[in-house]
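Residue numbers (my numbering), protein chains in the order written: chain Y, 10 to 389; chain S, 140 to 558.
I should point out that these hints are in silico values taken from the structure, not numbers from a laboratory.
Ideal Cβ placement from N, Cα and C applies to all residues, glycine included.
Hints should not be assumed to be uniformly reliable.
Subject to a maximum C-alpha distance of 20 Å in a straight line, what follows is the list of computed PhoX-like cross-link-like pairs (lysine-lysine) [as the list claims (entries may be wrong)]: (1) Lys497/S x Lys206/Y; (2) Lys236/S x Lys185/S; (3) Lys185/S x Lys234/S; (4) Lys209/Y x Lys497/S; (5) Lys289/S x Lys404/S; (6) Lys214/S x Lys404/S.
Coverage of chain S stretches by chain Y, computed from C-beta distances (three or more under 8 Å per stretch; other residues unrestricted) [said to hold, decoys possible]: (7) 250 to 264; (8) 547 to 553.
The calculated label-pair distances, taken between Cβ atoms and stated as ranges, are [stated by the list, open to error]: (9) Glu145/S x Met272/Y: 14 to 24 Å; (10) Trp301/S x Thr285/Y: 26 to 36 Å; (11) Thr540/S x Ser146/Y: 36 to 46 Å; (12) Thr285/Y x Lys460/S: 25 to 35 Å; (13) Thr36/Y x Glu175/S: 55 to 65 Å; (14) Ile426/S x Ser146/Y: 11 to 21 Å; (15) Met272/Y x Arg149/S: 37 to 47 Å; (16) Glu313/Y x Pro464/S: 49 to 59 Å; (17) Glu175/S x Ser282/Y: 33 to 43 Å; (18) Thr285/Y x Ala394/S: 38 to 48 Å; (19) Ser530/S x Thr36/Y: 37 to 47 Å.
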Amino acid sequence: MKFSFSSEQEEFRTGVRRALEARSPTTEVRRLMATDAGFDREGWKKLNQELGLTAIHIPEAYGGAGFGYGELGIVLEEMGRSLLCAPFFSTAALGTTAILNAGTEEQKQALLPTIAGGETTATLAFSEDSGLTEAASVALTATRSGATFRLEGSKSFVLDGHTADLIVVLARRPGSEGDEGLSFFTVEGNAPGLDRKLLKTMDETRKLARLTFNGVEARLLGSEGGAAAPFAKTLQQVIVCLANEMVGGADRLREDALAYVQMRMQFGRSIASFQTTKNKAADMLVDVELAKSAAYYAAAALDEGDDDVPAVASLAKAAASEAYLQTAIHAVQMHGGIGFTWDNDTHLWFKRAKSSEILFGDANYHREAMMRHWATPLAV
Amino acid sequence: MTEPTEESVRAEVSAWLKDNWDPALGLVEWRLKLCESGWGAPHWPKEWYGRGLPVKFNAIVDEEFAKIGAVGVAKAGIRTLAAATILAHGTDLHKEKFLKRILTGEDTWCQLFSEPGSGSDMAGAVTRADKQGNKWVINGQKVWTTSAHKAQWGLLLARANWDVAKHKGLAYFILDMKQPGVQVHPLRQMNYHASFNQVFFTDAIVEPEFLVSDVGDGWNVATTTLMHERRGADGLRTWATASNAKGRIYEEERAEIATTMEPYKWYPQRAGRVDLVMQRAKETGKIDDPVVRQEIAKLLIMSKSAEWTARRARAAQNQGKPQGPEGSLGKLVASNVARQAARVHTYLTGADALLSGKDSPMEGVIAEILISVPASSIAGGTDEIQRNIISERVLKMPRETSVDTNKPFKDVPRNIVSS
Ligand SMILES: Cc1cc2nc3c(=O)[nH]c(=O)nc-3n(C[C@H](O)[C@H](O)[C@H](O)COP(=O)(O)OP(=O)(O)OC[C@H]3O[C@@H](n4cnc5c(N)ncnc54)[C@H](O)[C@@H]3O)c2cc1C
């Protein structure tokens, strides 16, 4: 359903929101973002198991709940609101999605149940030092060695790459180029020869790592040389997930800024009574609601297997990038001096807006991707 | 006496520098010479460390200093606002006591205007000034006070009369920051710096001679300070950068930049660092990306025309012409430039913009731009307030109906929010 949520879905949202409000107040966000791990393993495991979060879009056959991107989007939107510090995006949106798209039946049976059950955290490593998301930019090589492979090279900007139990890695056959010769592999987080370095990030609530592979032993995931298509599909799903997370954050910022201006007085009156404040608040609502519509539509398009998913996914990410950033800029501004302080929470979302704007391609990039899909056939 | 000309000023200052400039001197020692000769602040009156020259000659004097690498007087920070305010409204005692030490850089200043309940509405200050005997006793709190933790002196706006209307009950003081009644707590900012502070007054004392305005005229004096602050935010300002030249004076200047000037370290980043854009575009290869090129072009059009507008305003000022609208636009425009610059730096930097600190481009400078730019549209009067000033004072559009200026201040509804 592209234009409404069912009452079950609404109920589910309410439950998730309530749990996250209780477990992830900003005091907790601030505590966890200051740690290297970026989350609390035991606390996350408990919350995840209680709500069945990482099971959501895993089919029942692999121990999951069998829901779709609509439901995953709801969870992500709520996490964007609460800035929950947990390896959820990395495990569910990245690692799980890649396994679902690329893995053989047997591999899915082996890998997904412990992810669904919350015992294993996962991530997907594809970008390298260039930070590009195109498969063609992959240089890390995989060389066959008996029944397994050896990985050589490095990955960067890997979400929760420093803590993930299971890392899905996109690598290429030595000498191959472009979309050819690409395969997915799985590697244990503690594999010998794997060096994991936490990167210092502007948005401390989202941890990134640089991974160096020195002859790391890896298992093939799916077919050898056939990763380009499942990778492309994975990226589309991932940016839709991100767009849903982003609109949650944007909406929260918008609401908090609105609450603040209604409380604050200057010149003997509420600053909410100034027309410029009202105009901003109205513009923010327009921006956020439009971006939400795009994110929801894209999630439903994934579930319904629409043909124009590649365009719609990019549309949603581009819309969310602009809306979230603009909302964040307005939100700081509406707070005045206090909005620039560390102790006020606005900057936590401002930085998340900024990092999400860039992550997996900025608005320019995705506008172009959308146009490639929609405009190219006409150009022939 | 003949009228000074560009040529005569240039000849005079270069001759003086030739005879006097010596990098082996101490920083203060040299700046005292500048005070004596008037070459440190040539547009100031002759009796107060200047040469009484029209302000347009400053650029020529600066050029001659730059040619030989001569160090100037202390020019940056709130102390310049203090000097401008004291020159305009201070008594001879104030000028005697403060101006020289401002120029030599021996004293650092802060601006004690904003309070938790009054930022945009600065005239709504509720810090109290009560006369006890012949002294003033100050109680209350200021906030966002840049450099208060480094300052010897503060420019203080406080309420001395509660029975008159808001703007009428204010007094403007010079406050000794190094006294037991003044407590300074640094506040951390979203960009990790802690250049501003909370300042608490508990029976802090101001000697009677350090009242700058008459009681009731404090707002007028504060307006002078603010006018200079906002003019200074027109984007033409440059920040002292440490020269790596050898010599005692340069060492002392580097030390000054690292200590008393430390709170201003991130100020260039908050303005967006347009100066870095072309270099970064070439380094990252984004110079060839047509979409990014458009954004860079928009930025350059904005920042060049902003610079030329500011120059028009200064030129008019130099010629003693009445200020046109161009003079009121600078601060607002500078914040538009800063925001577009942050956008462009994001495009140029790609995924590396996710990083900060040592691993990130230019050792964190780019990341610092992205999280410092939001200050431009708030500090020194928000964009919204600048727009109100432009529309109401320059364009003479109807003013917002005032609900708080026509009654005794004690009856005005006030904030429940505090920092
Ligand atoms: C980096 C930095 C350094 C600073 N340094 C100093 C300093 O050294 N000394 C000092 O005294 N202060 C300093 N300030 C404080 C600064 O001057 C105030 O933050 C600013 O004037 C805004 O006031 P406020 O924070 O109370 O916000 P508010 O006045 O509460 O404003 C909140 C929002 O309401 C809007 N608003 C308020 N009134 C109106 C209106 N009439 N019409 C339309 N919109 C309105 C504002 O534009 C803003 O968006 C500094 C601030 C920053 C960020």
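Hints violated by the structure (numbers, ascending)
Hints 9, 11, 15 and 17 contradicted; others consistent.
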